[in-house]
Amino acid sequence: MFIDTSSLMHPNARQVILTELAPKLQSNGNKLIVLDRVVGELEKHRAAIHPGAEEKVAAATRGYELLLELTRLGLLEVKGADAPQPFADQLFKTVFTFHMTRHPLTLITQDISLMVDILGLQESKAIQYIKPIAVVTITPQGLHPVSPEEAEFRYQRKMARLRGTPPPSQPGAQPMGQPYGQPAGQPVGLPAARPTAVPLRPPQPKAPQGWETLTEGPQEPEPEQQATVRQPFAPPMVVYQMPDRPRAMSEALMPVTLDLETGSVLTGSKGVQYRLGRCLGEGGEGEVYETSNPKLVAKLYFPSHLTRGRLEKLLLMVQRGLDWKHPDAEGICWPTDLLIDAQGKFRGYVMPKAKGKTLNTIFIRPELERHFPQWTRLDLGELCVAVLKKIRFLHASGVLIGDINPRNFLITSEKEISLVDCDSYQVEGYPCPVGDVQFTPPELQGLDFSKVLRRPENEAFAVSTLLFMILHVGKPPYAQVDGGTPAENIRNMHFPYTVGDRKGSKIPPGPYRDIFSNLTRKVKDGFLQTFDKEHKDQPRLSVEEWLYLMEGYAHAIRQGWVSGDLFPEGAKQLTVEDCVRMGIPFRAILCKDCGGDFVLLQKDEERMIREGRMLPDLCPDCRKARVARRQTGGGGTAYRVTGAHTRTAPSPALGHQTAQPVPSWRPPGQAPAPQQRATAPVRSTAGQRPMPPRTPQPQPPVVQTNPNGEGLLQSLLRSLFGKK
Amino acid sequence: MRDLHLSDLIDNPTPRVPVCLCLDISPSMSGRKEWGAAPDIKGVPIDEMNTGVQLFYNILREDDQARNSAELAIVAFSGEAWKVREFETVSSGSVPPRLELDTVKGGTSLGAGVDLALQMLEERKEQYKQNAVEYFQPWLVIMTDGVPTDQKHLEVSKRCAQLVSEDRLVIFPIGIGGHADLSALKLFSPRRDPAQLATIKFPAFFEWLGKSVRRVSNSRVGTKVTLPNPNTWMEL
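Residue numbers (my numbering), protein chains in the order written: chain A, 1471 to 2194; chain B, 60 to 295.
Treat the hints with caution; some may be incorrect.
Stated by the list, open to error - Label-pair distances were calculated between CB atoms; the ranges are:
(1) G1826(A) <-> L241(B): 43 to 53 Å
(2) V206(B) <-> T1968(A): 49 to 59 Å
(3) P249(B) <-> G1814(A): 42 to 52 Å
FYI, nobody ran anything at the bench for these hints, they're computed from the structure.
Every value quoted in this text rests on a predicted model; they were computed, and no experiment measured them.
Just so it is clear, CB atoms sit at the ideal spot from N, CA and C, and this is done for glycine as well.
Make the full structure from the sequences, and use the hints.
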């Protein structure tokens, strides 16, 4: 007798189990078996911290305590080690499949799909002499056995609800084991023209009276449902106006004669002195130095950029500031004071020192793996959320960033970001005079930014681009095969990726196609709507909308509805619920390795039959696992990189270069060098490469077969049950 | 093991700034007057040039953006032209070689050098396109201290000038020493007059070049991309 997570979390679980089940177990000398995996799920639910999770936490805690109580009574047995299946449900099917010829089995569950599947095991044609399988569910009235017809009926009713079609009118209207789900639009309940499977066991009696009033226990998650309660956003107390016209920023130069460098002393507005420390870097407008105040850095403009307009803008920003008490204000490196040199001339400003690495350092795969080796896709999603919250705060303060680009965002973790270069922000009509061509929307390409007042919809393009690049580890949304410069690609507005039925074209090689495919549908639609010329009449997504979608995406990853791999392999796998909801004809196939269900789309099946190919009998994960085991050293990603370029081997004459730090190159034909073309760059192997070896990606667990060739299923179940 | 050269195009999606150095290694670059060096040359130009190229790589390596964005290739020429380095980013860790003089062939085929450089630039652009990597218009830096000894440059310079006027190439023609043929260099560059390197201030030139590439890598538009002041190396 097994029990699953859904039943353990049922509000009535404790009462029903202890009063009805426990005495029976005691008199039979049996125990209730709970899989290790189920305990893990309870612990995970208990630890949930997102808003709205309180009920779940309470239910999981109750379930856990029930288990403890059963253990005290000597009625509980915990079985199993970690299994490769992500969900305990698939494990139940595997376990039941293995044991159903040996013992009668019972499962206590609230999960309707699982009921159907487990009871459906009895119809298996390949296995003979199946012992009785029963499914029991918890109701307010107590334990209630569920017949196959009833399970099927409840499943159809649930599917109908998801689809929005009328529910079936009576149990038994649909025979079990239908090959394809009904496409949307056809009423459920039409008798199927397919022969029903002949059950090996005698048919169960009809469902007992009063089944209509059964509760179903904790609701199963709806795909892409938002489970988080949005935290209300407090409007900031410091606000800048947003006029319609840009202010003319005076270009009048304010000449200076003093050269500034490390050691120079500058003064702030109240007489505070700052000595310049190390130069941290330079940008297009000036240089940034550490100061004698370790918390502050100084930005000093190049003489060519010291204009009266800049001074006026900075005066406004320094005097008014931002609502520093607001929770989202942290990390914004706003000018806090102006700086004057020893001759009393304006030179720049001080701001809080930013911490972390610029976003563009994680926009290269080896760099991301080096700096954040533990990151998964969830961290990328949460980073998007953190970035959006900061931008929302600035917009609500009446400030537009204007020059959104990865070099202006620094991160120490997926939740802690700093924003720099704030002096270029657009405030109260003072424009943002700079921009990064990759983040500039088509309507602003080529314009003189010092004369343009940006609007939120212009900014929306840059925000969307940044989000896309975060999720795709630096790949810009318009990068495509046969593309051109960033400006050309943006003007063409060709978004290359596939979204649903909209086929992409010129899709970049590499992991990007699969990353995009494994996003939630809403996020993909959001990118399509914002970027593609076919949708240019639709508004770009706002910061609020993106925040909602990104929180949903993070939630979907936590729930396991979409891949959490940084670099997913393979396109997103549709689930049974996805197909039913979207009305895509499909068939569910049992994987012969892991016993889990996977979807085979009708159109794919027809194509395979046409091409004379064998239909799959392994789910995609197990297929990959088998391929990985076959390759020596495990699988690595193997992108087909186009370009026939090959390295020629280094010539012997240069081969001895490893001894010298700098190789030399001599034109061919010179005595005494041998006659060869020196086309190959010389790589000194003496540890010159700054790029460290790749840290291994967290791979989905691959189950190894035993050396004596035992099957996956057998070794798994052996570890669960020992000798039986 | 994947070809790292091309896997970089997949794993590093930074828009590229391809820069090709097209460098004269004819005998006169030794500074020896009997080998054709101009009277105003002091020291050994090719040594200084090598030092300058090392400095160039270092400057790019120091900038977080440029090290992943700038891609460098080196072409050397005297009477004919040779590929010394294929395009790759400095973050790949490769060290530029010290060029040695051609002491056998002699001659100065500006045309052969630029022709090879243009060919390499075209090929690299093709690889960018096939791998969906964005790029900025390429830079071609030509440095020569002499007069072309063949006529190849007449045809090549037309192609070059055409690319420049279509905004598909940015060119920096540099003459070294009193014997450099600036009028020949001018043929390549309709928009920018050839500059004369003040004696042998190669390191200063390459430092300027490095900073300029860094600014482009950081791809600011809106303000004119102010290149640093060339007075550190230019003969005025």
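To see whether the hints hold, each was checked on the structure:
no., hint, result
1, G1826(A) <-> L241(B): 43 to 53 Å, "49 Å, holds"
2, V206(B) <-> T1968(A): 49 to 59 Å, "58 Å, holds"
3, P249(B) <-> G1814(A): 42 to 52 Å, "46 Å, holds"
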